[in-house]
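Participant: Residue-level listing of the chains:
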Amino acid sequence: MNLRLIIACFLAFGLLLTADLSAAQSAGYHQVQTDPDQQVILTHWALQHIMARHWPDSTATGTGKFQTGIAEATLRDMINEAVRNGRARHNTHGRSGTIYEYDFQRQIGTTIDGGVASRLRVVVSNRNEVITAFPF
Amino acid sequence: MHLDYRLNEDRETDWSSVTEEDLRYRVALGNLIFHVGDKDFSADWGWIPLVDLVASFAEIVRKLESGSPNETFEFTESDAWVRFERIGEKVSVSTSYGEGVAEIALHSASAAVKSFRERLRSDLDRRHPQAAHNPVVRKLLGAA
Numbered sequence: 061m062n063l064r065l066i067i068a069c070f071l072a073f074g075l076l077l078t079a080d081l082s083a084a085q086s087a088g089y090h091q092v093q094t095d096p097d098q099q100v101i102l103t104h105w106a107l108q109h110i111m112a113r114h115w116p117d118s119t120a121t122g123t124g125k126f127q128t129g130i131a132e133a134t135l136r137d138m139i140n141e142a143v144r145n146g147r148a149r150h151n152t153h154g155r156s157g158t159i160y161e162y163d164f165q166r167q168i169g170t171t172i173d174g175g176v177a178s179r180l181r182v183v184v185s186n187r188n189e190v191i192t193a194f195p196f
Numbered sequence: 007m008h009l010d011y012r013l014n015e016d017r018e019t020d021w022s023s024v025t026e027e028d029l030r031y032r033v034a035l036g037n038l039i040f041h042v043g044d045k046d047f048s049a050d051w052g053w054i055p056l057v058d059l060v061a062s063f064a065e066i067v068r069k070l071e072s073g074s075p076n077e078t079f080e081f082t083e084s085d086a087w088v089r090f091e092r093i094g095e096k097v098s099v100s101t102s103y104g105e106g107v108a109e110i111a112l113h114s115a116s117a118a119v120k121s122f123r124e125r126l127r128s129d130l131d132r133r134h135p136q137a138a139h140n141p142v143v144r145k146l147l148g149a150a
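Just so you know, the protein sequences line up as chains W and C, in that order.
61 is the number of the first residue of the first sequence in my numbering; add one for each residue after it.
7 is the number of the first residue of the second sequence in my numbering; add one for each residue after it.
For reference, chain W alone in the conformation it holds in the complex (with noise of 0.2 Å):
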């Protein structure tokens, strides 16, 4: 009888255990779980591709661009805000790595139209590294 009931037991946990695994899959299937103390590794590397692509003074097209005056400092803690604080999904289509999103309210550089871009986008690798980050 003592048998029977434990059986019973596990079963019932099993099912309840699967149940909320794929509730909770399908539900979040693109959303990343945030960390608010996680601070994301910014290399020279990265850096380089960032300026070249997104820095003020850069003459690539189709790309936010960064407001004038921006400072390394300051990108640093613009992309560890973002990565607090953003909204955080699954990077797409086979690529690895996940993107943050943070509205900052206010003006940090322009869209690739030129507008008034306040959103930073955050491309953080599985090593924890950034890969990419721009306004729009």
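Just so you know, these hints were derived from the structure itself, not from any lab.
C-beta atoms are modelled at their ideal positions from N, C-alpha and C, and glycine is treated no differently.
Any given hint could turn out to be false.
Said to hold, decoys possible - Just some of the chain W residues that point at chain C, by a computed CB distance under 8 Å:
1) 102
2) 166
3) 192
4) 194
Given the coordinates of chain W, assemble chain C onto it according to the supplied hints.
Facilitator: Same frame as chain W, now just chain C:
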């Protein structure tokens, strides 16, 4: 549908050691030439990672063929996008940076992406022979 590219000159990359992240964001950069019907969705920004683009397009076509109702390609360095929406055996294409919507048969889109991938693979192998031996390049562009 005309899907093509213009690849930038690159004499600095060591193609034997490029990683998937390099291919997704930093190397094989160039322009996208993309016409559907009379609509021109080309992007001549010069920084588009072309291996990433075609690998992503191939994944998008595979998902559409498997029944996904729509898929969106996001460019790596801007919020620009290309949206593909399946309507029966056709796909409608729209972008955030070009005007209009165009339609194409799904099998034609699939063939155009396959052709783009094969041409890019041959082009890279010819320009950078070490690329042919890099498994990550093979993974994203398929075997010859």
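Participant: All the hints need checking, so say for each whether the structure fits it.
Facilitator: Here is what the structure says about each hint:
no.	hint	result
1	102	15 Å, violated
2	166	18 Å, violated
3	192	6 Å, holds
4	194	6 Å, holds
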